[in-house]
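All chains, full assembly: derive it from the sequences and hints.
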Amino acid sequence: MPESRLHRVAVLVLERALPLDVGIPAQVFATRMDMPYEVRACGTTPGVVTSGNGLSYVVEHGLEALEWADIVFVPGYRHPDREATPPKAVEALQAAYERGARLAAISTGAFTLAAAGLLDGRRATTHWRYTAALAEQYPNIQVKENVLFVDEGSVLTSAGAGAGIDLCLHILRAELGVATSNTAARCLVAAPYRSGGQAQFVPRSVPEPAGERFTATRDWALRRLAEPLTLEVLAQHAAVSPRTFSRRFVAETGYTPMQWVMRARIDVARELLERSEHSIEQIAADVGLGTGANLRLHFQRILGTTPSEYRRTFARGD
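According to the UniProt record's numbering, the sequence shown holds residues 1 to 318 in order.
Since the hints were made in silico from the structure, they are not lab data. The beta carbon of each residue, even a glycine, is placed where N, CA and C say it ideally should be. Check before you lean on any hint, since a few could be wrong.
Under the rule of at most 16 angstroms between Cα atoms (straight-line distance), these lysine to aspartate or glutamate pairs were calculated in the EDC-like manner [unchecked claim]: (1) K88 / E15; (2) K144 / D120; (3) K88 / E64; (4) K88 / E67.
Distance windows between CB atoms, simulated [to be verified]: (5) S279 / G23: 40 to 46 angstroms; (6) D34 / A251: 35 to 41 angstroms; (7) G162 / E64: 30 to 36 angstroms; (8) E227 / S279: 18 to 24 angstroms.
Set out below in structure tokens:
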């Protein structure tokens, strides 16, 4: 994408769209000094779109915005399992996909992408109340029930509205780096560490689990990543046996404790690569990985790139 123009974001507002789902991408990607985005809200036609919960939206653009956008967000809406997506919207989404735009559904917006046939043969998620309905109506979709979001490259889906924030932050991380994503998370007073637990490209690797059983231990570990952290050390802090700790930790986060620690270390390394001029060797020591060779090995395995290449891509020039 040329650096001379803003990244183009369209938010497709359909009838009965949920207010928070509409507002999340509009707020996260709002144009400002550190956010090179332009957002356009659109409907099947310009004008008033009824929400159905006491609110209405006035959108300035019609479906031509989907021809303009680099990424199209589809907010969730009420009763998606009982309502048909407007054929014009389906055709516009299909056309946007064909020309290379990315499509991102928040919550039940996944039903719109499904109606367009864009989730067939892919992994996807939606709000937990509707995962069974999505799987039943669209059996060719691999519905994932226990994730916050799924990134399939050109098509992304998320669970409820809160997970829409996670999805937007994930997109920011991939496009602008960890530091910018963390700044946006702080502005939103949102957790920057949540993740869908999938093998997404450049994910924020430390998930915020559904349970809170080991919150104190996770926070304690994040402050001591430079120190030796073994399963036994973590279990001792949590006051349970290593076997119990490991089993419950996997159930809550989708990672083993040692996988979680490694990804946490890589996350800190990423931010140091972006924000500091420390050498690879120094960063490796700072995050508890010992040597630059060890950091390079795990960085490549988890993120598919090298620390040096990551720094060239995301390091700030100011």
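Verification of the supplied hints:
1. Distance restraint check for K88 and E15: the Cα-Cα separation of roughly 13 angstroms lies within the 16 angstroms cut-off, and the hinted pair is therefore satisfied.
2. A threshold of 16 angstroms between alpha carbons decides the hint, and for K144 with D120 the separation of about 13 angstroms falls inside it, so the pair holds.
3. Distance check on the hinted pair: K88 and E64 sit about 11 angstroms apart at the alpha-carbon level, within 16 angstroms; holds.
4. For a cut-off of 16 angstroms, the pair hint linking K88 to E67 stands: about 13 angstroms separates their Cα positions.
5. The hinted window of 40 to 46 angstroms between S279 and G23 holds, with their beta carbons roughly 43 angstroms apart.
6. Take D34 and A251: their Cβ atoms lie about 38 angstroms apart, and the range 35 to 41 angstroms holds.
7. At roughly 31 angstroms, the beta carbons of G162 and E64 sit within the given window of 30 to 36 angstroms.
8. Hint check: E227 to S279, Cβ distance near 21 angstroms, so the stated range 18 to 24 angstroms holds.
In this structure, every one of the numbered hints holds.
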